[in-house]
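A.B. asks: Chains Z and A, in that order, give the protein sequences.
The first sequence: position 265 = 264 (numbering that gives the first Met the number 0), numbered continuously.
The second sequence: position 8 = 7 (numbering that gives the first Met the number 0), numbered continuously.
Read the hints as simulated data drawn from the structure, not as lab findings.
Just so you know, even glycine gets a beta-carbon here, dropped at the ideal spot from N, CA and C.
Keep in mind that the hints are not guaranteed to be accurate.
Distance windows between CB atoms, simulated [unchecked claim]: (1) Z:G101 - A:A7: 18 to 26 angstroms; (2) A:V62 - Z:G101: 14 to 22 angstroms; (3) Z:G185 - A:V84: 17 to 25 angstroms.
Covered stretches of chain Z (in silico footprint by chain A; criterion: 3 or more residues with CB under 8 angstroms from a CB of chain A, positions within the stretch not fixed) [as the list claims (entries may be wrong)]: (4) 98-108; (5) 134-148; (6) 188-201; (7) 215-222; (8) 225-238; (9) 248-255.
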Amino acid sequence: MAEQTIPADRPESSPPPDPTPVPGTGPDHSRAAAAPAGPGAKPDAAVVRDALGVGIAVGLSGFAFGVTAAGSGLSLLQTCALSLLVFTGASQFALVGALAAGGNPFTAAAGAFFLGIRNAFYGLRLSQLLALPRAVRPFAAHWVIDETTAVALAQPTRRSVRLGFTVTGLTLYVLWNLTTFLGAIGAEAIGDTNAWGLDAAGPAVFLALLAPMLRTATERAAAGLAVLLGLGFLPLLPAGVPVLVAALAAPAVLWLKGRTPGGRAADVMEGVDARTAIPGGESGGESGDARNGRGEESTGDGRRPAGEER
Amino acid sequence: MSVWIAIAVTAIGCYAAKLAGLLVPAEALERPLVRRLAALVPVALLAALTAQQTFSTAGSLVVDARAAGVAAAAVALLLRAPFLVVVAAAVLVTAGVRAIGG
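With the sequences and hints as input, model every part of the structure.
C.D. replies: Dropping the structure here:
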C-alpha cells in the first residue's frame, strides 16, 4: 500500500530532515503559524491534499479486506472488529488467510503479529517527529501504520508532520472501516466470492506491499527463500506454521550474508555510517519502510547505482 | 470462538507493537541487527503469504486461476499502476480465467 503514498515528484533524501520548528511556534502554538513561515514550510492545504490522497486511495481498499474476510468465513462482526481494533492491513489479511486455511488461532495471530512489528519501528521515528505529549501517545499509537508514517516522514516541519499524520490517520481509519463493512455485506450478497476472483485480492495486496521492499539482493534472497520454505512446508506442517518457518528466511539470509566476505564488508560499512552513505535517490517515492528499517540495508548494497529502479 | 481468540490476540499484539515504538527509548531498537531483522522479517512473511495464498487450497499446493490473477497484479506493479488498479487487475483476471473455465 505504501509504495504509492509519496508523490513521486517530491525530492526525498532519507532520512527526512528533522522538523525545523519555527522559533516561537511551539507545538501548542501551531495555530499562530497559520501562514507558513520560515524556509521549508509547506502550506497546510498541500499537506492536507497529500494526506487525503493517500487516505482515500488506501482507505477504499478496505473493501477488498471486507470481501476477503467474509469470503473466508468470518462473520460481519468479526470482520469489522478486525478493522476497528487491529487496523494494520497486512496483519488483517494475514490473519484471515491463516484462519481460512484452518490454522489454529495462536499460530494465525503470531503471523499477523510478526507483520505488525514493523509498526514499532515506524513509531520510533514518529515519536521523534511528532513529539507528542505522553498522554496523547496511546491514542496516536493506533494510527501508526505504513501510510501515516509515509506521509508524516515526507513533511518538512513539525506542524505539517502532525497535520499529515492526523489527516491521513483519520481519513484512512474512517474509510477503511466503512469499506470493510460494505465489503463484508457485499460478499454475502455476491455469494461465491471465488467465482468473482476475489480470492486473488489477498495475494495481490501482499504483492503490492512487498514489491517496493525488494530493492536489494538481500531482500530478494530473503523473499525467495521464504517462498520456498512457505510452499515446501505447506503440505507437511499444520496450517499457519509454514509461514512462521518462512519468517526464518530473514535471519538465515542475514547470517549467510555475514559469512560471505562481501557481506561482512558491507556490515562494517553499515555500522560506520548508515546515514550519510544512503544514496539520495534511493528512497524517492518509497514507503516509510525504507527509511525506518532499511537505511542500513541500502548502504550495504551501496555499490549499486542509486535509484537504479527508476 | 477460536476466531475471536485470534482476533483478540492479534489486536492486542499489534496495538502493543505500535505503542511500543512511541514509548520505547530509541536506543532499544536502534541496534543495527535488530533493525535489519525487523526490516527483513516482513519481506519474508509477505513473500511466503503471497505464495501460499496464490498456490494453496486447504493445505495442498494447487495452480489455478489465482496464479494468472497474481501474475496480472505483478505486471500492473511493474507498470507502476496505483494500488487499487493492482488489486483490481488480480481480481478481474482471476474471474476472467474462471469464467473461461481455467
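A.B. asks: Can you name, in rising order, the numbers of the hints this structure does not satisfy?
C.D. replies: Of the numbered hints, all hold.
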